[in-house]
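Please model the entire structure based on the sequences and the hints provided.
Now for the letters of each chain:
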Amino acid sequence: MDHDDQVAASVRAAVRSLERQVGDVPAPPAMARRRSPSRRVIAGVGIAAGLVAGAVTVWSLGRSGDDPAPSEVEAGAPPGGSEVEPAWEQVPLEGVAPREGASLVLLGGDAVAVAGGQTPEDPGRFTVDVVDVASGQVVSLPPLAVLNPSVAGSMVHTKARATLLLESGEVVTFPANGNGAPRLVAGPEGAGAPLAPGAQAPPGGGLVDLSVPARWDGAKGAWRPLPPLPVDDPGYERRPAVTDDGRIVLAGFQAPTLVYSPDADAWRELPPPPLPAGADRIGQPVLAAFGDRIALVDELANAAVLSLADDTWAPLEVPDDPRYVEGCQLNGASSATVAVLDRCGDVLVIDDEGLVEQLDKPVTPPQHDAVSDGRQVILLTWADGELALWRRAL
Amino acid sequence: MEASDLEADRASEPSWCRPARDFVSGGGFRQSVAVVASIYGDVVQAEDAVAEAMTRACEREAAGEPIRDWRAWVIRVALNHSASLARRLARARRSRHLVARPDAWVAEGVDDAQDTLAALRELPVGQRTSIVLHYYADMPVAEIADVLGTSVSAVKSSLHKGRANLAKRLERVG
Numbered sequence: 216m217d218h219d220d221q222v223a224a225s226v227r228a229a230v231r232s233l234e235r236q237v238g239d240v241p242a243p244p245a246m247a248r249r250r251s252p253s254r255r256v257i258a259g260v261g262i263a264a265g266l267v268a269g270a271v272t273v274w275s276l277g278r279s280g281d282d283p284a285p286s287e288v289e290a291g292a293p294p295g296g297s298e299v300e301p302a303w304e305q306v307p308l309e310g311v312a313p314r315e316g317a318s319l320v321l322l323g324g325d326a327v328a329v330a331g332g333q334t335p336e337d338p339g340r341f342t343v344d345v346v347d348v349a350s351g352q353v354v355s356l357p358p359l360a361v362l363n364p365s366v367a368g369s370m371v372h373t374k375a376r377a378t379l380l381l382e383s384g385e386v387v388t389f390p391a392n393g394n395g396a397p398r399l400v401a402g403p404e405g406a407g408a409p410l411a412p413g414a415q416a417p418p419g420g421g422l423v424d425l426s427v428p429a430r431w432d433g434a435k436g437a438w439r440p441l442p443p444l445p446v447d448d449p450g451y452e453r454r455p456a457v458t459d460d461g462r463i464v465l466a467g468f469q470a471p472t473l474v475y476s477p478d479a480d481a482w483r484e485l486p487p488p489p490l491p492a493g494a495d496r497i498g499q500p501v502l503a504a505f506g507d508r509i510a511l512v513d514e515l516a517n518a519a520v521l522s523l524a525d526d527t528w529a530p531l532e533v534p535d536d537p538r539y540v541e542g543c544q545l546n547g548a549s550s551a552t553v554a555v556l557d558r559c560g561d562v563l564v565i566d567d568e569g570l571v572e573q574l575d576k577p578v579t580p581p582q583h584d585a586v587s588d589g590r591q592v593i594l595l596t597w598a599d600g601e602l603a604l605w606r607r608a609l
Numbered sequence: 452m453e454a455s456d457l458e459a460d461r462a463s464e465p466s467w468c469r470p471a472r473d474f475v476s477g478g479g480f481r482q483s484v485a486v487v488a489s490i491y492g493d494v495v496q497a498e499d500a501v502a503e504a505m506t507r508a509c510e511r512e513a514a515g516e517p518i519r520d521w522r523a524w525v526i527r528v529a530l531n532h533s534a535s536l537a538r539r540l541a542r543a544r545r546s547r548h549l550v551a552r553p554d555a556w557v558a559e560g561v562d563d564a565q566d567t568l569a570a571l572r573e574l575p576v577g578q579r580t581s582i583v584l585h586y587y588a589d590m591p592v593a594e595i596a597d598v599l600g601t602s603v604s605a606v607k608s609s610l611h612k613g614r615a616n617l618a619k620r621l622e623r624v625g
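So the protein lines, in turn, are chains A and B. Quick note on the numbering used here: the first sequence kicks off at 216 and runs consecutively. Quick note on the numbering used here: the second sequence kicks off at 452 and runs consecutively.
If you are wondering where the hints come from, they were derived from the structure by calculation, not from laboratory data. Careful: at least some of the hints might be erroneous.
What the hints assert, rightly or not - Cβ-to-Cβ under 8 Å is the rule here; a few derived chain A residues that face chain B:
id : residue
1  : V222
2  : A223
3  : A228
4  : Q236
5  : V240
6  : P244
7  : L308
8  : G498
No residue lacks a Cβ here, since even glycine has one placed at the ideal position from N, Cα and C.
Below, the structure written as structure tokens:
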């Protein structure tokens, strides 16, 4: 039995041990008189907020929490959109190939890249479309064959070009103005990725691959090994936060916080983030960098903000909102002034004071990626292979 | 109480819709509860969550919106419900500074199973769910993507990372 088979057998045996504890099926409630608990909460919120606002709230919240229908896409008047509140606007995506999933990358100004995603016809291709969200102009770059077309999530951008780290450890760069093909630049040692002849090294830094572990040295156009972590394997999720100046932060609730400084080429150790005694811990938190701050949120809404200016953690209170109920994994995105964390269609905005705002989403279903540059939030959604792009001023 | 009264009470009790009865008789209830309990850690709460999901599914069917894949639908709704409940409980405990509850991941009499469930609990929810659905519920990758509302490639990635992370954690404990 190989290693993977052993893991599979352990999981099967463990979950079957739970199955043996399952009791009889309970009787159903009387359907006609029944309302779901979350809808009751939502209705209460709506009434408290006033009749008109309440009606809008019920409409929007009821869809986010209760109805998991995977194929419904309902573009509507942005919930909460009034004369004073910014509203979501849909950006046309003419000519963009349908695909399932993609990542958004800021390219500066109003330009974003819709990168990656799985196309049924050619799942081995890495496709990039550059979209000007102000004008709706789309430039589709020639596809690039890569080992694995999934974006790993770590990405940097400059005025000249954007750089992506793919799941397989390869680095892809492409021009900000959309004039030119994406380039496969290099992979970390051992990843087996080819180096494209004549490839340009991206300026700046910020890419980190802790499976190697290494960071991308933009000046030299090569991967540079990181010093070993100063603690034994703490079980960190291998997706760190990286600041604009290349500092790398690893944090979890059950281990020290580690900060790597490229100037010193060394790790330093900080205390773990604060949690009240007895707080639940489950899964792994997600980190997002914004300026000198690192936001940390886990799937039970335990949250904290680390200030790298004075190396201190502060608790972050996530709003107690019935929308905040869906069991989806957080994704992180960052910019200079605002962090956006998205989960199942929820977009949280964390400003420089550490406050949290939750934006109403423009559509269901929830599958999406979100980025922000501090002036606007840009949201990419997909359903049944169809992509849609949205923008909202902050 | 007379026998006729008992029969009358039984007749007045609500009953599950036919797709739900088929789901239960096919083992769907038991399997779904085990999946949810392995991810959120409490069999009794998982039973409630799955029953809640079945109720919503029957309501949809009654409204003329048939559900294509009952297993995927019920598990998805039950996971959402359980996540909601877990957050509310966590928030209540945080606000009251209560001592953590005893670990609810009790796999009766099987130490290895407890270790495995504890290791599963440390994984991110996407990896945790993908692993359980794939290796316990034998769900194909496309169906897991439907449950999680994500792409097939993301599920493949979660399975790959989840396997590696789980193996590392199991080596650590054992």
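Hints versus structure:
no., hint, verdict
1, V222, "holds (5 Å)"
2, A223, "holds (4 Å)"
3, A228, "holds (6 Å)"
4, Q236, "holds (5 Å)"
5, V240, "holds (5 Å)"
6, P244, "holds (6 Å)"
7, L308, "violated (17 Å)"
8, G498, "holds (5 Å)"
The structure fails hint 7 only (numbered hints given earlier).
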